[in-house]
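Using the sequences and the hints given, assemble the complete structure.
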Amino acid sequence: MILATLCYLQRAGQTLMIHRIKRADDIHLGKWNGLGGKFEPGESPEECVIREVREESGLELWQPRLCGLLMFPGFKGNDWCVFVFTAGEFSGELKENEEGYLEWIPEAQLESLSLWPSDHIFLPWIREGKFFSAKFVYEGDELKDHTVTFHPGVDRD
Numbered sequence: 001m002i003l004a005t006l007c008y009l010q011r012a013g014q015t016l017m018i019h020r021i022k023r024a025d026d027i028h029l030g031k032w033n034g035l036g037g038k039f040e041p042g043e044s045p046e047e048c049v050i051r052e053v054r055e056e057s058g059l060e061l062w063q064p065r066l067c068g069l070l071m072f073p074g075f076k077g078n079d080w081c082v083f084v085f086t087a088g089e090f091s092g093e094l095k096e097n098e099e100g101y102l103e104w105i106p107e108a109q110l111e112s113l114s115l116w117p118s119d120h121i122f123l124p125w126i127r128e129g130k131f132f133s134a135k136f137v138y139e140g141d142e143l144k145d146h147t148v149t150f151h152p153g154v155d156r157d
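With my numbering applied, the sequence shown covers 1 to 157.
Treat the hints with care, as some may be off.
Stated by the list, open to error - Restricting the straight-line Cα-Cα distance to at most 25 Å, the calculated cross-link-like pairs of lysine to any residue (SDA-like) are: (1) Lys38 to Leu123; (2) Lys38 to Arg54; (3) Lys144 to Leu69; (4) Lys135 to Leu66; (5) Lys130 to Gly153; (6) Lys38 to Ala4; (7) Lys31 to Met1; (8) Lys38 to Phe132; (9) Lys38 to Val148; (10) Lys31 to Ser118; (11) Lys144 to His28; (12) Lys144 to Leu110; (13) Lys76 to Thr149; (14) Lys31 to Thr86; (15) Lys130 to Thr149; (16) Lys95 to Gln14; (17) Lys76 to Pro117; (18) Lys38 to Glu139; (19) Lys95 to Ile105; (20) Lys31 to Phe75; (21) Lys130 to Gly37.
Because the hints were derived from the structure by calculation, they are not lab data.
Since this is a predicted model, take the numbers as computed values, not measurements.
Set out below in structure tokens:
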């Protein structure tokens, strides 16, 4: 199983997204994503998301907030477990990266981007402040099924 993180940095009604169009071998080629990536040995989810955001954007996160867990069984040949975070506190200047182009997207335009079908389902949960554990089943690029459990009472503050 591949462990990974995904982070949505937020400021003044905007979310930082990456348009993944630079690498032909990218499993997310052509999609817009939050920032993140695979764990390195020994990392906690928080250490991973802080490192990945720094590597992809040049920004240093402060207190990323865990929003939920995503499971993608058999996605592109691997089982994935993704820890989803938001962050509103960060410093630094945006830098170029090898995976795509970074852009601050107004919240009202976020879901009009070329996102994975699952993103259209879980992004509203993040906006609503729900803590979730979800499984999304894909065949190729097509979402076939999903299940979710919400965890009321989980303090996200």
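Could you tell me which of the numbered hints above are not met by this structure, giving the numbers in increasing order? Structure breaks no hint.
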